[in-house]
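Peer 1: Each chain, letter by letter, is given below.
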Amino acid sequence: MPDAAVATSATGLANLPKAFQVYGPEALKTALKKMHLIRRFEEGAEEQYMRGLIHGTMHLSIGQEASAVGICMPLGDADYITSTHRGHGHCIAKGADPKNMFAEFFGKETGYCRGRGGSMHIADVEKGNLGANGIVGGGLPIAVGAALAIKQQGRKDVAISFFGDGASNEGSFHESLNMAAIWKLPVVFVCENNKYGMSTSTERSMAVPNVADRAVAYNIPGVIVDGNRFSEVASAALDAIERARAGLGPTLIECKTYRTRGHSRSDRNRYRTKEEIEAWKAKDPIQQFEAELTEHGLITAEEIAAIRAAAEAEIAAAVEFAIASPAPNAADLVRDVYTV
Amino acid sequence: MDAMIRELSFAEALREAMGHALETDPRVFLMGEDIGVYGGAFQVTGDLVHRFGEARVIDAPIAELGQAGVAVGAALAGQRPVLEFQFSDFAALAMEQIANQAAKIRFMYGGKCSVPVVMRMPCGSGTGAAAQHSQSMEAWFAHVPGLKVVEPSTPADAKGLFLAALDDPDPVMFFEHKLLYKTKGHVPTEAYRIPLGKAEIKRKGSQLTIVASAIMVLKALEAAEELAKDGYDVEVVDLRTLRPLDTETIIASVKKTSRLMCVYEGAKTLGIGAEIAAMIAESEAFDYLDAPIRRLGGAECPLPYNPDLERAAVPQVPDIVAAARDMLSKRV
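Same order as they appear, the protein sequences are chains B and S.
Numbering-wise, the numbering used here puts 257 at position 257 of the first sequence, and it's gapless, one number per residue.
Numbering-wise, the numbering used here puts 260 at position 260 of the second sequence, and it's gapless, one number per residue.
To be clear, the hints were calculated from the coordinates, so they are not data collected in a lab.
Some hints here could point you the wrong way.
[As the list claims (entries may be wrong)] Just so you have them, the derived chain B footprint on chain S, three or more residues with Cβ under 8 Å:
#1 69–76
#2 94–104
#3 108–116
#4 200–213
Think of the CB as a built atom: it goes at the ideal place given N, C-alpha and C, for glycine as much as any other residue.
With the rest of the complex left out, here is chain S:
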């Protein structure tokens, strides 16, 4: 994309994207809890308040429902709000404004307006923060018509998808897995956009398609390397956007590899994996399957505190490797 390639962390890439947006678009403002001098609970907003001032990087009182409504109202009145939920779990408090207002206003008002807000949703387990700070609730939001749901896996994707989300005229739930914030990667300096609704094949393979997003992409890639040692050739599809879902890329990949595994951190039942499995079952790719579709989702329990239990509650690399071996060993 450009000559100068640097390494940034996922958090830094997001901060760079927000800084660019604040610099170039006077309609953009950030709002959330402790995003000012504190720099955000995960230091994502960092020093932005010093660069852009308190009027555009707004420390809001702890009032998630109110904040979400303020973002919706500001969007209707011509601004481009970016709302940070400190933890995506707290969006449960704001569900009314997200699901009843933001998602529906465009439709309910006959398409005569839209609600361009981006809601940033730090999600996921692995930090020992237990049940009310560790959920992966992407499927909650992906189920609501009117919302878009984005979940990047790399710093470069985070920047490009964030800028695209901010350009989007509709509400976008932007999920950021907390364990990704410190991961590093090459991030171009320019202000590029990655279109919403387009998956990316992060690793090409011929025998098994693993569909994942966010941190599960990293785990799937690690598992694929492990499996490669045994001669298995695994393809990893990074969804990047859960809604709209890039069915085309998934179908094409499954037709090529004949096997599909969905890996996701949210509870297994009625989750994103169920949607992808059903979509494949309804598509022409179904006839190509050489093995039953496999879902690896989160355990059917709230996220526990104990580190061993916490690890056991979500798919880990060895789980993916084991499930893949099982699928691949049953040659047709």
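Same shape as in the complex, but just chain B:
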């Protein structure tokens, strides 16, 4: 609620989306910066991969930046998230430093996981990020467990579990929602429905049209938002997190969104059309957010340009840091298997 009053100049407070009213211009500019950082991080990762500096594979979330940032805005370090294989956005939104993320991508000792995890396992437990996950649906019960711990410890924090539409077909999704609901745990389930589990569309893999419809089975609210609209995601997040902190239990938020890149580096996009991809690119969440902020008089064109430039500079520096960082020593291979 810091500087909402400033935000009334162009359109008046009442016309602003809830999240805009709550956050005010400065926090919203920070949110935009994070969305640009995520976009540039992933474009940068793609570039370094093409140059042969990054091995393995990667799952880019380009086109999904609004859900990551919109959901994580009200969170502090004591709140938890669990993330997915497409987790760079969640990680940056939760406060990770792109320097150490890039270093992890490069497999360096300065990476979040000292080069042992790579893109799919970036975690920062001290900051409440319980980790990206290579297993679809793997993070769901872990978030429920974190929420159980929060309740047992008498804290007011929350746990967020990001997952994709594909994960909602896994048993872990159903077991997790059921347990969270019966125990009224402070957890928010956030489905980023990007329409495809790898190549299989939700039309072919789900018996209901919406993931949020499944909330009915667990007697919890199921909320559908335009996942490419920051204001909608952020407003739903505020409601769900408030509900969780108040002890009223979990919410399922479904963000309808799209990844414009393929599932991973091996994807040849045989399962969708160019037209479909272009149509979604026209709904780019960053452009929409910038337009909305501009329309409400919350940001100027110069400020947007400055934010973009700052994000680009930060990512360029992160890549340099990663390249210059030391590689792990093979003699330390089995160092962190057990606590010593």
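Since the structure of chain B is already known, use the hints to place chain S on it.
Peer 2: Relative to the frame of chain B, chain S by itself:
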């Protein structure tokens, strides 16, 4: 250890250990199916829900994968969960969270956190519960780097190893053979710990080392008494922990006796006996062997229902005696 020595059953010793942990550490909670007013399928948790309440002795829905994940998440968030699988067989449903998450998180995250959970695994045959309720799957879990695997044989060991497992910062699979639950033994009242990774020589001998764990220790000891009547002097090493494996104690024993037999209830092929035999073959104890190493493991089939078939599927005392006689009669 203390002046007051009492007899407790294996189940009571475990309950006492859990009660002590719940009393002294607010981070500890128990979770599982029917562990509350029902007292646990094998009455191990007993009355703990009445002493500590439903918030700390949690009856969970039947959702093994979910429960295991909840335990992992709670551990990452600072708690000390104890998860009871009703039967260890059901841990197959939770293998994802055990093998992909709990075991790997510490390593995958660069050693910056750990996952202190204890998963209690009632295992083993002998109850007529047939193939999906009778397995001994210790080797499954012992094969996964990141997991520790404990398997006590006596009530006193159960208590001490459980408290040590709970202190351990890493995930521990705690196997409890179901036929041991009612066995009795002296259990000190204090809250003592038995370090993980240390075997114990349960019977000293000079001619043959039998390595075993859980109920096979009892069977090996019985066999050793039988063999003693013929003048054979058998040493019984109780592993107590399968991973980390106390190779030192086994090697020292084999160097002393020159003969090694591994007895275990899990399927013989690729089991814990194979690991111990190979470890000895790679060690300096190999040169001391006076007979080929012998493995007595479970039959290569799922556990059958018929009681005679069930007995035939796992090593019994007469099998151990016969195999030992065979080894010992071939004097070098």
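Peer 1: Each hint needs a verdict: does it hold in this structure or not?
Peer 2: Against the structure, the hints:
no., hint, in the structure
1, 69–76, "holds (count 8)"
2, 94–104, "holds (count 4)"
3, 108–116, "holds (count 7)"
4, 200–213, "violated (count 0)"
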